[in-house]
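Q: Below are the chains, spelled out letter by letter.
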Amino acid sequence: MRTLVAMIIACSALLLSGCADVKPWDRDLLAQKKMQLVPAPVDNALDEHVYFSKEAASGGQGVGGGGCGCN
Amino acid sequence: MQLEGPSCVRAALTAASCGLLGIASPSVIASAAGDATQADTALLYYAEHDGRVKVSEATARLEQPLGDGETVTVTPTVDVITGASPTGATMSDKPQTFTTTDTTPAYTLPLKSFSDRRYAITVDWQQPLDRLTRSVLGASASTEKDYNSLGASATLMRDFNNKLTTLSAGISGSLDSVEPAGGIVPQGLTPLASAYAVASAAPTGYFDYEYEDLSRPHIEDALTTPVAASTALVHAITTASGAVITTGNGGTSTSIVNGSIARQTKNKESVDGMIGLTQVVNRRTLMQLNYSLGVSSGYLTDPYKIISMINGTTGETVDYRTELRPDSRLRQSIYWKAVYHLNEDVIHFSYRYFWDDWGIRSNTVDLHYHFVLGDDFYVEPQFRYYTQSAADFYHHSLVDVAVLPRFASADYRLAEMKSTSYGLKLALAIGKDSEVSARVTYMKQTGNSHPANAIGVQRTLDLYPGLDAVIAQLGYSFTF
Amino acid sequence: MDCDWVESAGHWRGSFSCMASPCEILIDSDDPNLAQLLTKLVSAEALRIEQKYSRYREDSETSKINHSAGQTVRVDAETARLLDYADQCYRLSGGKFDITSGILRKAWRFDGSDRVPSPAAVAALLEHIGWSRVSWQNPLLTLPPGMELDFGGIGKEYAVDRCALLCRQATLVSTLINFGGDMYISGPRHGDGEWIVGINDPYGSENKQAGILRLHRGGVATSGDARRFLFKDGVRYSHILDPQSGWPVPDCPRSVTVAAQTCIEAGMLATFAMLHGTQAEDFLKEQHVVHRCIW
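Protein chains in written order, with the working numbering: chain F, 186 to 256; chain U, 9 to 488; chain D, 5 to 299.
Bear in mind the hints are in silico, worked out from the structure with no lab data behind them.
Hints may contain errors.
As a list, the in silico DSS-like pairs of lysine-lysine whose alpha-carbon atoms are at most 27 Å apart [stated by the list, open to error]:
1. LYS44/D with LYS56/D
2. LYS56/D with LYS68/D
3. LYS62/U with LYS452/U
4. LYS153/U with LYS426/U
5. LYS110/D with LYS236/D
6. LYS56/D with LYS219/F
7. LYS219/F with LYS171/U
8. LYS218/F with LYS171/U
9. LYS289/D with LYS212/D
10. LYS289/D with LYS218/F
11. LYS62/U with LYS153/U
Simulated DEER-style distance windows between Cβ atoms [said to hold, decoys possible]:
12. ALA48/D with ALA162/U: 41 to 49 Å
13. LEU434/U with ALA48/D: 51 to 59 Å
14. GLY215/D with THR428/U: 54 to 62 Å
15. GLU62/D with ASP353/U: 48 to 56 Å
16. LYS68/D with ALA160/U: 23 to 31 Å
17. LEU170/D with LEU145/U: 56 to 64 Å
18. ARG95/D with VAL279/U: 23 to 31 Å
Ideal Cβ positions, reconstructed from N, Cα and C, are used throughout, including at glycine.
Use the sequences and the hints to build the structure in full.
A: Right, dumping it as structure tokens:
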């Protein structure tokens, strides 16, 4: 549990640290499709479905998306 | 001029000019801005080794901008699932079919065959609420022979810090109902004979239970062979003339009712919530951190899965019972994702830690390397590593005369296991707005084949089925 | 300000003069009220920007900055965005695009004659050129004495895109806004038609075409030295000056036309191309933009 909390703090620190100096024109790379958090939504949905039906864990990326009887 | 790279100038200028005009992207000043529909279609084929489960799936994601940042996305899906899935019955060294002279033990895994078609659709509606805030409302529905699901979701996103930080919060709910093939929801943790006992005296409805492949070993055969005669399974077979119910131990046929027994259904409700933070760390790096919490309640048991009762000394199977899981589950997860842009290539990395009140703890590591090979072509190797600990009530089998636990399941998906997937995606851009892609993934699941508490003959058997699967996907994206 | 129906093309045409150029807006609609409204909107905004950033007006932002005699000036949000943009272009071009280089006009007068300035005169001016000498910390600007800012290199394209933004807020109808050759097209004409834009032949007369662009949407800008140059001893001196040397960029194309997503972007890409001299064509090819270089 303690390692989990440490990890959360580390991630948050990392997230909020380097964000100081990103100018609007520095967002050129981020606009590309390959830089999106989910660049291929269909691939992602298909994978999630396969792993949901073969494993005990699920989700994490967002809410919604639909259910099925495969678990 | 020394620049960071040739095409960076253009990209940088586009971004700079948008900054000068105070707009998010050039499409803001265009009229009838981006009225093209984006379509992502895919065909997927999933096949497990030994001809177990096979799934063919077709899906299309259609995204239509409605103007002013409003978008509607519709995703219909059709799955066809066939094959046989492990019932949970423990590996046996007894032959699963009748033989006369051949005494060589054939170690067979008890499987249950099935065939099903699933239709599903999700609709999402994204709406900007003001310059910095957006909401997404979603609805989903799915139907298959034995399972129906209805769901709704709502997510709110707000930008801070010059749009470098985004906070999101979402909630979703779903209502599912299980109507097992055969029309009866069996009693949990009950010997098979009594589990399916027909209770109702005033029947309404119709039995419907199809066997797709009678040549494959299935529960009924397992029971009619060397197991003690006290076990019997009540099952129904559709015939052209209506429902007939027969008992499976030797062929006595008793016609109970002609086509009218109430089909039983069980419901399951889930509510899930999520809060997330997305942060632009620097020009090349984007990160996301999400915390999710979900509660499910209702019928969470798998009506088709059984657990073997074994003799405490010899390890031989003496009986089968249906499984039973708790009627509530509290799930939580932390998900972290990082996207990093190298010179041209991009790395996607994510880690998820999941835990629930069934005792399951799991770690998932996912890595994709987007390798740019040319203006129109890229290759993406993919790797995924997954581990999970067993659910508190997971048992590969139960000793027959021991005290029964309150809940028990032998479903391999609740056991301690590891899964590794290796994949490769190739994609080719066609023209300005289309892309064709192919993806192949090899997934291997392994578990504890020789657990410490194996008894007698079980020690000589591989008690964890394991899984080898190949997933092949073809994709085509275009706009119209 | 005029607003006329162009029968042959089936659209309205609003026209006026601004920024020392003929300005027009073509409106793909048969609604005269809309045409009037948009023409008024566009001419008002163009005038506003001209007056705010003109070097010649005493009450403009540019004059306020140029007469600050080394004092720190607080600029407004719009000027701040222009300065940020100029700063980014300065860095992206390795210092070859520089809004402090306007004072070179004191040595160079491109009237087609052979009066090339002396190296000493140019060197003296270089003392007062260099964006890196300017202190710019949004919203405070400090210009060393003797230096001047000139928004001429981005003003017209900025005005075109600003007008496009205002039109977009007023209507979904497609418009083509053209200020002296720098233009923005907001969308396809009725029936998914293209707007047809002719590229002027720099060697020919006013209306002779050297090429045609067919566009549904986007900005177009042309950079060229066809009319402004000096000619001495067989050497042509283009009016595109390198702010680091003070001398014209050698061997640049007669005209560069670029089509991009906005007029500002097209204009800056055309300028960068010119600053590349002989490499103009290669530069534009690497940027994957629709372009036309005429040598």
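Q: When the structure is checked against the list of hints, which entries are broken? Sort them ascending.
A: 4, 6, 16, 17 and 18
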